[in-house]
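So the protein sequences, as listed, match chains A and B. According to full-length UniProt numbering, the first sequence holds residues 1 to 129 in order. According to full-length UniProt numbering, the second sequence holds residues 1 to 172 in order.
Note that these hints are calculated values from the structure, not bench results. One or more hints might be untrue.
Derived lysine to aspartate or glutamate pairs resembling EDC-like cross-links, with alpha carbons at most 20 Å apart [claimed, not checked]: (1) B:K38 <-> A:E63; (2) B:K56 <-> A:E119; (3) B:K56 <-> A:E122; (4) B:K79 <-> A:E119; (5) A:K120 <-> A:D33; (6) B:K56 <-> A:D28; (7) A:K37 <-> B:D127; (8) B:K79 <-> A:E94.
Bear in mind that the values here come from a model prediction, so they are computed numbers and not experimental data.
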Amino acid sequence: MPAASQIKVMVVDDQASMRAMIRRALQDFGFKDVRDKPTATEALPAIKSDRVHLVISDYNMPEMDGLAFLEAVRKDEVLAKTVFIMLTGSSDREVVQKAAALGVNNYLVKPFAPAALKEKIERVFGALT
Amino acid sequence: MRTIPIIQGEHAVVNEEGVVISTLLGSCIAVCLHDAEKRIGGMNHFLLGEPGPDQKLNASELQRYGLHAMELLINATMKAGAQRQNLRAHLYGGANIIAGLGGIGTANAAFAKRFLETEGIAIGHVDTGGNRARKVEFRPYDGKVRSRCVADVPPPPVPERKPEHCGEIELF
Numbered sequence: 001m002p003a004a005s006q007i008k009v010m011v012v013d014d015q016a017s018m019r020a021m022i023r024r025a026l027q028d029f030g031f032k033d034v035r036d037k038p039t040a041t042e043a044l045p046a047i048k049s050d051r052v053h054l055v056i057s058d059y060n061m062p063e064m065d066g067l068a069f070l071e072a073v074r075k076d077e078v079l080a081k082t083v084f085i086m087l088t089g090s091s092d093r094e095v096v097q098k099a100a101a102l103g104v105n106n107y108l109v110k111p112f113a114p115a116a117l118k119e120k121i122e123r124v125f126g127a128l129t
Numbered sequence: 001m002r003t004i005p006i007i008q009g010e011h012a013v014v015n016e017e018g019v020v021i022s023t024l025l026g027s028c029i030a031v032c033l034h035d036a037e038k039r040i041g042g043m044n045h046f047l048l049g050e051p052g053p054d055q056k057l058n059a060s061e062l063q064r065y066g067l068h069a070m071e072l073l074i075n076a077t078m079k080a081g082a083q084r085q086n087l088r089a090h091l092y093g094g095a096n097i098i099a100g101l102g103g104i105g106t107a108n109a110a111f112a113k114r115f116l117e118t119e120g121i122a123i124g125h126v127d128t129g130g131n132r133a134r135k136v137e138f139r140p141y142d143g144k145v146r147s148r149c150v151a152d153v154p155p156p157p158v159p160e161r162k163p164e165h166c167g168e169i170e171l172f
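Using the sequences and the hints, build the whole thing.
Below, the structure written as structure tokens:
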């Protein structure tokens, strides 16, 4: 299993404060290569050019929401196998089911503690350290 | 005039005339967001700014914090039709009512201001600090706010509530 330091991560959330909080948490887990974007539209070309391994994306975003983003990733030949973890609001039960159908690797309900994020990542990648 | 009272941990968003959102604050913060063009507004009420870096909290405890409360308010306001670039915020509360609590009200107000600056949301009226409780009444349709000190009126007790997502779906 890759150590956290070898995994390239893209964080996508329209709120800068949330992106900053997730970045801090990922750095605490040992991730070295973390980037972020405020919209899925900006993130899509960046994850392709940067060969990102893990996308952590909010669902509730303007322009392209998390489901449309996930669908675009899964339909892209190059990106299709990228690990995708979606962040949802507490009332997004239907969203989680749709995300599962589209092939999301895991999801996390906001608000979440950093330990919960680590656990979700480790369920996909295995132990990070 | 219809009044929607909110308490700690709640928010309300309204886009109709003749409605007031009200709350009673001590060291808590209420942020009023308003889109003057769309005539949509909302208010939240949160207990604490943000957890310390070493605090171990579960999901239900995190719901008391401003980071979550602000996201809920912004999302709800936009869902109602507001445009993010039009949003203007007014800040209230953050009093240091009980001596010896380490300036929790001041820290809360600082968090709210920092959050709004980080998110690029314009800040309008600010009435924070002091050592007295405030009653805040917000008219979301026209964006008018009245904040007045109400000494000796303690904030209402917060009812016990279950974490909102205790019915989390098990898919993975």
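Hints, verified against the model:
Between K38 of chain B and E63 of chain A the CA atoms are separated by roughly 19 Å; this keeps the pair inside 20 Å, and the hint holds. A hinted pair counts as satisfied when its Cα atoms are at most 20 Å apart, and K56 of chain B with E119 of chain A qualifies at roughly 14 Å. For a cut-off of 20 Å, the pair hint linking K56 of chain B to E122 of chain A stands: about 19 Å separates their Cα positions. This hinted pair does not check out: K79 of chain B and E119 of chain A have alpha carbons roughly 31 Å apart, beyond 20 Å.
The hinted pair formed by K120 of chain A and D33 of chain A meets the criterion: a straight-line CA distance of about 18 Å does not exceed 20 Å. With a CA separation close to 14 Å, the supplied pair K56 of chain B and D28 of chain A stays within the 20 Å bound. With a C-alpha separation of about 33 Å, the suggested pairing of K37 of chain A with D127 of chain B is violated against the 20 Å cut-off. At most 20 Å may separate the alpha-carbon atoms for a hinted pair to count; K79 of chain B and E94 of chain A meet this at roughly 17 Å.
The structure fails hints 4 and 7 (numbered hints given earlier, in ascending order).
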